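Here the protein sequences line up with chains A and B, keeping their order.
Per my numbering, the very first residue in the first sequence carries number 1; after that it's consecutive.
Per my numbering, the very first residue in the second sequence carries number 1; after that it's consecutive.
Quick caveat, the hints were computed from the structure, so don't treat them as lab data.
Computed from a predicted structure; not experimentally measured.
Each residue gets a CB set at the ideal place from its N, CA and C atoms; glycine is no exception.
Treat the hints with caution; some may be incorrect.
[Unchecked claim] Derived pair list, reagent style DSS-like, types lysine-lysine, alpha-carbon separation capped at 27 Å:
#, chain 1, residue 1, chain 2, residue 2
1, A, K274, B, K450
2, A, K274, A, K406
3, B, K484, B, K196
4, A, K325, A, K131
5, B, K347, B, K450
6, B, K157, A, K406
7, B, K347, B, K362
8, A, K406, A, K325
9, B, K196, B, K289
10, B, K21, A, K421
11, A, K274, A, K138
12, A, K377, B, K196
13, A, K131, A, K274
14, A, K131, A, K77
15, A, K406, B, K21
[Said to hold, decoys possible] Incomplete in silico selection of chain A near chain B, CB under 8 Å:
#, residue
16, I254
17, P357
18, S370
19, A389
[Said to hold, decoys possible] To give an idea of the chain A side of the interface with chain B (calculated C-beta under 7 Å), a few residues:
#, residue
20, V373
21, V382
22, V386
23, A390
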Amino acid sequence: MMFGGVFTNSKTAIRNLAVVGLVVLLAGNYADWLGHHILVLNVHKMLFFDNFGMLGNSIAIAATLMLVLLSGRDMEKVGHNLAEYYALIFFTLCGITLVTTYNSLLMLFLGIEILSIPLYILTGSEKRNLKGNEAALKYFLMGSFSTGLMLLGIAFLYGASPTGSFVIDDLWTAKPAVTPLLAAGIVLLLVSIAFKVSAAPFHFWTPDVYDGAPTVFTSFVATIVKVSIFVGLVRLFDEGFSVNPDQWQIFVAIIAAATLFIGNITAVFQQSVKRMLAYSSIAQAGFMLLALLSLTGVAKDGILLYAAVYSAATIGVFAVLMRMKDYTFEGFNGLARQQPVLAATVTIFLLSLAGIPLTGGFFAKYYMLSSVVSTGKYLWLVIFAVLCAAVSVYYYFRVIQAMYFKEGEGTTEFAPSAGFKGLLVLLAAVVVLLGVWPNLLLGQLQHFIYTW
Amino acid sequence: MIPVLFILIPLVSGLIGFFLKSARAARGWALFSSLITLAVALWGLSVGKDSTLLKASVEWLPDLGSRFSVRLDGLSTILSLLVAVSFPIIFIATWRDEYRRPWNFFGLMLLSQAGLMGVFVATDALLFYFFWELALIPVYFLCSQWGGERRIQVTFKFFVYTFVGSLLMLVGLIWIAWHTPGHSFAMEDFYAMRSKIQANDQMWLFWILFIAFAIKMPIWPLHTWQPDTYEQAPTAVTMVLSALMVKMGVFGLMRWLAPVLPEATWAWGDTVSTACVIGMIYASLIAIKQDDLKRLIAYSSIAHVGLMCLAVFATTSIGMQGVMIQMFNHGINILGMWVVADLIERKTGTRKISQLGGLAQKAPGLAILLVVVALANIALPLTNAFIGEFLLFSGVFTSTATQYNVIFTVMAAVTIVLGAVYTLNMIKRVFFGEVNPVTSGVTDIKMNEKVALGVIVILIVAVGVYPKPILELTQQTAEFILGKMNYKL
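Construct all of the structure, not just a fragment, from the sequences and the given hints.
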C-alpha cells in the first residue's frame with residue numbers, strides 16, 4: 001500500500017487498491033475462521049484465534065471497508081500523501097488483529113502500540129492546521145504515557161503470576177494469590193486501557209483530538225479502533241481475571257458511571273455536531289463498559305453486537321457530516337427537504353445510537369443491560385445507565401429535529417453521488433436488520449474454533 | 001394468525017403508503033387498509049374461543065428467551081377491536097383535514113396502528129416492550145411535523161417523558177425474565193413468578209414497572225405532558241393518543257403488572273388509588289376553567305382514565321370487567337368528542353369556547369350528535385359509559401383490598417358531578433346562546449362527519465342498552481387476572 005504511492009499518483013487507483021486490499025483481508029479472515037488456512041504459523045500460544053476474536057476482526061475489517069468506500073474521497077482532501085494514509089490505516093488494522101486475538105500480555109502491548117502510532121500520525125496529517133498539530137501532540141504524549149503505565153502493569157502481573165508468565169490463560173488457571181502486586185497490575189492495566197477507549201476520568205484528551213483530527217480519521221478512531229480495544233479488554237478480563245472479580249469490578253462500575261455521566265451531560269451542551277459525536281462516543285463507551293461487569297456469554301455476544309452496530313451507525317453519521325457545509329446543528333436545518341435519502345438514513349443511524357427498538361442499537365444496549373441484570377449486582381448502575389440513555393435522546397434528536405422540522409438551507413458541499421446514497425441505504429438496512437434479527441451476526445459465533 | 005394479521009396489515013400498508021403521490025390516493029389507501037383490519041377483527045370475533053387462529057408463536061431470539069408470540073384473549077380482543085374500529089372512524093372523520101405531504105402522514109398513522117396492535121396482542125414481554133416503543137416513534141414524527149406552533153418542544157417533552165418510563169420498565173422486565181427458571185420472557189413464565197419473587201423485591205419492581213404505565217395513562221402527578229401534547233398535536237393524532245395509546249397504560253397494568261406482582265399491587269394499592277383520586281378531582285376542576293376546547297377534553301380524559309386505574313387496584317371481579325368495558329367505551333366516546341373539536345376548529349377557525357356560541361342554530365345535526373356524545377361523557381344511563389362506570393363504581397365500592405373504598409367511591413362520584421358541570425357548560429356556551437360573527441359562517445356537517453359521528457352514537461347507545469356480548473368477552477379474563485392476583489393459589 002505504501003509503495004503503491006510510489007508508482008502512481010492517481011487517487012482513484014490508490015483508493016481502489018485499498019478497497020481491494022480490504023476485501024481480500026476480509027475474505028481471508030473469514031476463510032481462516034472457517035478453517036481454510038493459507039499459511040500456518042506457530043505462534044507459540046501467544047495468539048489465540050477463537051470465534052470471539054475472529055468475529056471481532058471481521059467486524060473491524062468490514063467497518064474499515066465501509067469507511068473507505070463512504071469517505072474515501074474525504075481522505076484525498078486531507079493532504080498529498082493519500083497512499084500513506086491508507087497504509088497507516090492498514091497498519092492500524094494489523095494492530096487491531098493483534099488486540100482482538102492475543103493470548104499473551106506482550107501481544108496485547110504490541111498490538112496497542114502498533115495501532116496507536118499510526119493514529120498519532122493520522123491525527124496530525126493536516127500539517128498546516130494548528131488544531132491538528134495540537135491534537136496530534138496531545139494524543140502522542142498522553143498515549144505514550146498510558147502505554148508506559150500499561151507496560152508497568154504488565155510487569156507487575158508478570159511478577160505476581162506464580163509461574164512467571166505473560167500468558168493470560170496462566171493467570172486464570174494458576175489462581176494467583178491476591179496480592180497488592182496483582183491488584184496494582186490489574187488497576188494499572190485497566191487505567192491505561194480506559195485511557196485508550198476514552199473512559200472517564202481518562203477522557204480529557206478525546207474532544208480536542210477528535211475535533212482537531214481530520215473528520216474522516218476521527219470517524220476511524222472513534223469507531224473501529226475504540227470497539228476493537230473493547231473487544232481486547234473483554235478478552236483480558238474474561239480470560240485473565242474473572243476468578244477474582246471483587247478486586248476490579250467496583251473500579252469498572254465507577255468508571256462506567258462516570259463515563260456515562262460525563263459523556264452524556266457534556267454532549268448535551270455542544271453546539272457542533274462533530275464535538276457532540278465525540279462526546280457521544282464517550283457515552284457509548286460507558287455502555288460498553290457494562291459488559292465487563294458480568295462477562296457472561298450474553299455480555300460477550302453483546303460487546304460484538306455493540307461493536308458492529310455502533311461502528312455502522314457512527315460511520316454513517318460521520319460520512320454525512322463530512323459532506324455538510326456547516327458542522328453545527330443549524331447546518332442540518334431542512335436537510336430532509338434537500339436530501340431526503342441522506343436525512344432518512346441519518347435518522348436511522350441516530351435512532352440506533354439512541355437505542356430505539358427496531359434498530360440494532362436497541363439490542364446492543366439491551367444485551368449490555370441484560371448481562372448486568374443477570375448478575376444481580378450493580379442494579380444501581382443499570383438504572384443510571386438507562387437514565388443516561390434517556391438523556392442521550394436529547395442530543396441525537398436535536399439533529400433529527402433540525403433535519404425534519406426546521407426550515408433552513410441545510411445543504412451539502414456537493415451533491416452526493418448515487419453510489420454514496422446507495423451505500424448509506426445499505427448500511428442503514430444492516431442496522432435495521434440487526435435490530436430485528438441480531439442472530440444474523442451472533443450466529444457466526446457458532447463456527448468451529450481454529451486451534452493453533 | 002389473526003393477531004399477526006392485525007400487525008402486518010397496517011405495517012405493510014403503512015410502508016406502501018409512503019410512496020403514494022396524491023392526497024386522495026393516500027387518504028383512500030389509509031381508509032381502505034383500516035377497513036380491512038376491521039374486517040379481520042370482526043372475523044376474529046366470529047371464530048370460536050379456542051381456535052388456533054387466535055394465536056401464533058414463532059422463534060425469534062432463542063438466546064434471549066424471547067419468542068414472537070401473540071394471542072387474542074378477552075382483554076386483547078376488546079382492545080384490538082377498539083383499535084380496529086377507531087382507525088376507520090378517525091380517517092373518515094378527518095377526511096377533509098388538509099396536510100402537507102399527506103402520504104407521509106397516513107403512512108405514519110398506519111405504522112402507529114401496527115405498533116398499537118402489537119402492544120395489545122403480545123404475550124411475550126420483550127415483544128411487548130418492542131411494540132410499546134414502536135408505537136411511540138410514528139406519533140413523535142406525526143406531532144412534530146404537523147402539529148401546532150409549540151409542537152417541537154412539546155412533542156419532545158412527551159417523547160423523553162415516555163421514553164424514560166419505558167426504559168425503566170425494560171429494566172424491570174429484564175430483571176423478572178432473568179429470575180424465571182428458563183430465562184424466558186413468556187407471559188406464562190412471568191405469571192408463574194408471582195409467588196416466587198420476594199416481597200421486598202416486588203416493592204421496587206412494582207414502581208419501576210408502574211412508572212411507565214402511570215406516565216402513559218397519565219396519572220397525577222406524571223400528567224404534565226398530556227394537555228400540551230393533546231393540544232399541539234394534529235387532531236387525528238390526538239384521537240390516536242387519547243383513545244388508544246392511553247389504553248396501553250391500563251392494559252399494561254392488567255396484563256403485566258397486577259398478575260405478576262400481586263403482593264406489591266395489594267401493598268401499594270392505597271397509594272396509587274389516592275394519586276388516582278387526586279388526579280381525577282384536580283383534572284375535573286381544571287377542566288371547568290378551561291377555555292380551549294382541546295385542553296378541556298384532555299383534562300376530562302385524565303379524569304376518566306383515573307377512574308379506570310382506581311378500579312384496577314380495587315381488585316374485584318366486577319371492577320375488572322368494568323375496566324375492560326370502559327376502556328372500549330371511553331375510546332369510542334372520547335373519539336366522538338375529538339371529532340367534534342376537530343369539526344369546530346375547521347369550521348370556525350378557533351378552539352376558544354369564549355369566542356364560540358350558537359352553533360346549534362347553524363348546525364343542528366352536529367348539535368344532536370354532540371349532545372349524545374357529551375351525555376355519554378357524563379355517563380348518563382342509556383349510554384355505554386354508564387354501564388362501564390356503574391361496574392367501576394361497584395367494583396371500587398365493594399372492594400376488599402382497601403379500607404378506604406367508601407371514601408374513594410365518594411370522591412370518584414364527585415368527579416362525575418364535576419364532569420357534568422364542565423361538559424354541559426361547554427355545550428351551553430358553544431352550541432346554545434347567541435350566534436356571533438365567528439360562528440355565523442358555519443354550515444351543518446357533511447356526510448363523512450355524519451357517518452363517523454353516527455357510528456359512534458350508534459355504538460354508544462347500542463352498548464348502553466345491550467352490553468351483554470361485551471360482558472361475556474370480559475368475564476373469563478377478569479376471573480383469570482384475579483385468579484393470578486390471589487398469589488396463594
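Here is what the structure says about each hint:
1. Distance check on the hinted pair: K274(A) and K450(B) sit about 54 Å apart at the alpha-carbon level, beyond 27 Å; violated.
2. With a C-alpha separation of about 20 Å, the suggested pairing of K274(A) with K406(A) holds against the 27 Å cut-off.
3. For a cut-off of 27 Å, the pair hint linking K484(B) to K196(B) stands: about 13 Å separates their Cα positions.
4. Among the hinted pairs, K325(A) with K131(A) is consistent with the structure: their alpha-carbon atoms are about 19 Å apart, no more than 27 Å.
5. For the suggested pair K347(B) and K450(B), the alpha carbons sit about 15 Å apart, so the restraint of at most 27 Å is met.
6. The straight-line distance between the Cα atoms of K157(B) and K406(A) is roughly 17 Å, inside the 27 Å bound, and the hint therefore holds.
7. Simply put, K347(B) and K362(B) have alpha-carbon atoms about 11 Å apart, close enough for the 27 Å limit, and the pair holds.
8. Taking the CA atoms of K406(A) and K325(A), the gap is about 17 Å. The hint holds against a cut of 27 Å.
9. A hinted pair counts as satisfied when its Cα atoms are at most 27 Å apart, and K196(B) with K289(B) does not qualify at roughly 49 Å.
10. Restraint check for K21(B) and K421(A): the C-alpha separation of about 22 Å stays at or below 27 Å, so the hint holds.
11. Using a Cα cut-off of 27 Å, the hinted pair K274(A) and K138(A) holds, with the two alpha carbons roughly 19 Å apart.
12. Of the supplied pair hints, the one linking K377(A) and K196(B) holds, its CA atoms being roughly 19 Å apart against a limit of 27 Å.
13. Proximity of K131(A) to K274(A) is assessed by CA-CA distance (about 14 Å); at most 27 Å being required, the pair is judged to hold.
14. The suggested pairing of K131(A) with K77(A) holds, with an alpha-carbon distance near 17 Å, which does not exceed 27 Å.
15. Between K406(A) and K21(B) the CA atoms are separated by roughly 23 Å; this keeps the pair inside 27 Å, and the hint holds.
16. Checking I254(A) against chain B by beta carbon gives a least distance of about 20 Å; that is not within 8 Å, so the hint is violated.
17. Hint status for P357(A): holds, given a least beta-carbon distance of 4 Å to chain B, under 8 Å.
18. Hint status for S370(A): holds, given a least beta-carbon distance of 5 Å to chain B, under 8 Å.
19. The interface hint given for A389(A) is met, as the beta carbon of that residue sits about 6 Å from the closest beta carbon of chain B, less than 8 Å.
20. With a cut of 7 Å, the hint placing V373(A) at the interface with chain B holds, because the nearest CB-to-CB distance is about 5 Å.
21. Because the beta carbon of V382(A) sits about 6 Å from the nearest beta carbon in chain B, less than 7 Å, this interface hint is met.
22. With a least beta-carbon distance of about 4 Å to chain B, the hint placing V386(A) at the interface is held under the 7 Å criterion.
23. A cut of 7 Å between beta carbons decides the hint on A390(A): the least distance to chain B is about 4 Å, and the hint holds.
When held up to the earlier numbered hints, the structure conflicts with 1, 9 and 16 and fits the remainder.
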